[in-house]
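Enquirer: Protein chains in written order, with this note's numbering: chain Z, 114 to 435; chain F, 356 to 661.
If you are wondering where the hints come from, they were derived from the structure by calculation, not from laboratory data.
C-beta atoms are modelled at their ideal positions from N, C-alpha and C, and glycine is treated no differently.
Check before you lean on any hint, since a few could be wrong.
Said to hold, decoys possible - Only part of the chain F face toward chain Z is listed, based on derived beta-carbon distances under 8 Å:
1) R442
2) H448
3) A454
4) L458
5) G465
6) A466
7) I581
8) F584
9) V588
10) A635
11) Y642
12) M645
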Amino acid sequence: MTRENVVSIVLLCGLLILPFVAQAAGYPFYMTLATRMAILAVAAVGLNIALGLGGLVSFGHAAFFGIGGYAAGVIASHAMNGEHLLGFAVPASMPVAWLIGMLAAGLVAIVTGLISLRTSGVYFIMITLAFAQMIYYFAISWPAYGGEDGLSIAMRNSFPGANTARPSDLFLVSFAILLVVLLFFWRLRDSRFGAALQAARQNEGRVAAVGIEPFPIRLVAFVLSAMITAVAGAMYAELNRFVSPSMLSWTMSGELIVLIILGGVGRVVGPVAGAFVFVVLEYWLGGLTERWQFFLGLMLLAIVLFSPGGLMGLLAGKARHD
Amino acid sequence: MSTSLVLEQLLNGVQFGVMLFLMAAGLTLIFGVMGLINLAHGSLYMIGALVCATVAAWTGSFWLGLAASLVGTAAAGALIEVAVIRRLYGRDHLDQVLATFALILILSEGARWLFGSFALYLDIPPVLSGSVELPGGVHYPLYRLAIIAAGLLVAVGLYLLISRTRLGMRIRAGESDREMIGALGVDIQMLYTIVFALGAALAGMAGAMVGALQSVQVGMGEPVLILAFVVIVIGGIGSVRGALVGALLVGIIDTMGRILLPQMLAAVIGPAKAAGIGAAIASMSIYVVMALVLALKPKGLFPAGT
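Can you make the complete structure from the sequences, with help from the hints?
Expert: As C-alpha cells, then:
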C-alpha cells in the first residue's frame with residue numbers, strides 16, 4: 114500500500130470517527146464542524162475534476178455551489194408553503210433537491226462552459242469569475258427568493274431512513290456523499306476519459322494530434338465538476354438552514370480553490386485534507402482572534418510560495434503523476 | 356423619457372467607465388509586461404480611497420489626500436511587488452491567483468485593523484462642488500465632469516508615456532521579449548517594480564476620486580476589480596487601448612441598462628413586475644456583452660500584440 118493510500122484512509126477514518134468520539138465526550142458541536150468539513154470536501158472534489166485533472170482554473174465555482182444551495186432552499190420553502198414549483202408538487206426530499214441542483218448547475222455549466230472554454234489561461238479564470246458574478250448579482254436583485262436577504266430553511270428536506278434534523282444523521286448523509294464522490298473521482302481519474310482529460314492539460318497539441326478533441330472532454334469535465342459542487346451546495350444550505358447570495362460570492366470561489374491547494378492539486382483525498390485544515394483553522398484561529406483572515410492569508414501565502422504540493426504533498430510525498 | 360435624462364445617464368456612464376479604465380489600465384499593463392494576474396489590484400484601489408479619506412480628514416484638504424493616496428499606493432505597490440509578487444512571475448496562473456487572493460485577505464483585514472470597519476467619508480473639494488449647466492438645460496455635477504477629464508488626461512498621458520518615452524519603450528520591449536531586454540542590459544527587476552507601482556498608483560487614484568462619491572470602506576475594491584476584469588477581457592488582455600474602449604463600453608452599458616431596461620420592460624409587462632426583473636436583467640447586461648464579444652473574438656476587441 115502506498116503512503117498516499119495510508120494517509121487517505123487514516124484521514125477518512127478520522128473524519129468518520131472523531132465527531133462521534135467528541136459527541137460521546139460531551140462536545141456535540143464537533144459534529145457540525147465535521148459535517149462542514151465533509152460538505153466542503155465534496156465541493157472541492159467537484160472542483161478538483163476541472164482544476165486538478167483538467168487544469169481548468171475555474172474561479173466561478175461558487176455559482177454552482179450557490180445554485181445547489183438555492184435548489185435545496187427553494188424546494189424546502191415551496192414545500193413549507195404548500196406551493197407548487199413550476200406546476201409540480203415537489204417533495205421536500207434531499208435527493209430531489211440534489212437532482213434539481215445538479216440539473217440546474219449542469220445547464221448553467223454547459224452554457225458558460227461553451228463560451229469560457231473557447232479561451233484558456235487567464236481569460237478562463239476571469240470569465241468564469243465574471244459569469245459567477247453575473248449569477249450573484251442576479252440572485253441579489255431577483256426578489257422572489259429573498260434577494261439580498263437570502264432564504265431560510267425552516268425545516269430541512271428529508272432523506273429516506275434518516276432524521277435530518279439530528280446532527281449525526283446529517284453528518285452521515287454528508288459523509289456518505291463524500292465517499293461516493295471520492296470513489297467517482299478516483300475511478301474517473303484512472304478511466305480513459307480521465308486519461309484524455311489529464312493529457313489535454315499536459316499537452317493539448319499532442320492530444321489533438323492523436324485524434325482526441327480536447328474541447329468536448331473539457332466541457333464534460335466542467336459540467337461534471339459543476340454538478341458535484343451543486344450537491345455540496347445543497348447540503349451546505351441544509352446544514353446552515355439558510356441560503357443567501359453570499360454562497361455565490363467570489364470569495365466562496367476563492368475558498369474552494371484554497372481548499373484544493375491546501376490539500377494538494379489532483380490528489381484523490383487532497384480536498385478532504387484541505388477542508389479539514391481549512392475548517393480547523395477557521396474555527397481555531399477564529400476563536401483566538403477576530404482577525405483570523407489576516408493570519409489565514411499569511412499562511413496561504415507561505416504555502417503557495419514555499420510548499421507547492423500542499424498538505425498531501427507534505428504528508429504523502431510527491432504526487433505519482435507529473 | 357427626456358433627452359436630458361439620457362444625457363445625464365450617459366455622462367454618468369462615461370464617468371464610471373473612466374474610473375474603470377484607471378483600474379483596468381494597471382491590471383492590463385501588469386499582465387502585459389509581467390504576465391501576472393493580480394487579484395489584489397482591488398485592494399490597492401481600497402488603500403487609495405482609505406489613505407485619501409484619512410489624510411483629507413487630518414489636513415482638511417482633498418488635494419493633499421489625493422497626493423498622499425498616489426504616493427501611498429505607489430509605495431504599497433512597490434513594497435508588495437518586492438516582497439511577494441516578484442516570486443510569482445515564473446509560476447503558473449493558479450499560484451498567482453492564490454497568492455494574490457491571500458494578499459486580499461491580508462490587506463482587507465489589515466486595513467480593517469488600521470482604519471476600523473466603519474465607513475469613512477470624503478468630501479468633494481470646494482473648487483469642484485456645484486454643478487454646470489450643459490446644453491439641453493441639464494445640471495451636471497462638476498466633480499463628475501472633473502473625474503471624466505482626469506481619466507481622459509491619464510489615458511492621454513499613458514499613451515504618451517508608452518509610445519514616446521524611454522520607459523515606455525522598455526515597457527513595450529518587456530511585453531514582446533523579456534529575456535532579450537534583460538540581455539540588453541535593462542534592469543528588468545526595476546522595470547517590473549516601476550510598472551507595478553504605476554499600476555498601483557492608477558488604482559489608488561481611481562479609489563481616491565471615487566471616494567468622494569461613495570462611502571469609503573474595506574471591501575469596496577473587489578466589485579470594481581471584477582468589473583475591471585470584464586473590461587480587460589472585452590478589450591483584450593495586455594492592451595491599454597482595449598482597456599479604454601472596454602471600460603467606456605462597460606460603464607455606459609451598465610449605467611444605461613439600469614435606467615433603460617426597467618422602463619422598456621414596464622411598457623411590456625407592467626411597472627410592478629418590471630422593476631424587479633428589469634434590475635435583475637440589467638445587472639447581467641455587461642456579462643452578456645462580454646459573452647457576445649468573446650463568442651465573436653475570443654481574444655478581445657484589441658488582442659495584444661497587434
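Enquirer: Give a verdict on every hint.
Expert: Hints, verified against the model:
1. R442: holds, 6 Å
2. H448: holds, 6 Å
3. A454: holds, 5 Å
4. L458: Because about 7 Å separates L458 (chain F) from the closest Cβ in chain Z, which is inside the 8 Å limit, the hint holds.
5. G465: Given a least distance of 6 Å, the restraint on G465 (chain F) holds.
6. A466: With a closest approach of 10 Å, the A466 (chain F) hint is violated.
7. I581: holds, 5 Å
8. F584: Where the cut-off is 8 Å and the nearest Cβ of chain Z is about 4 Å from F584 (chain F), the hint holds.
9. V588: holds, 5 Å
10. A635: holds, 4 Å
11. Y642: With a minimum Cβ separation of about 4 Å from chain Z (threshold 8 Å), the hint on Y642 (chain F) holds.
12. M645: holds, 6 Å
Taken one by one, the earlier hints fail for this structure only at number 6.
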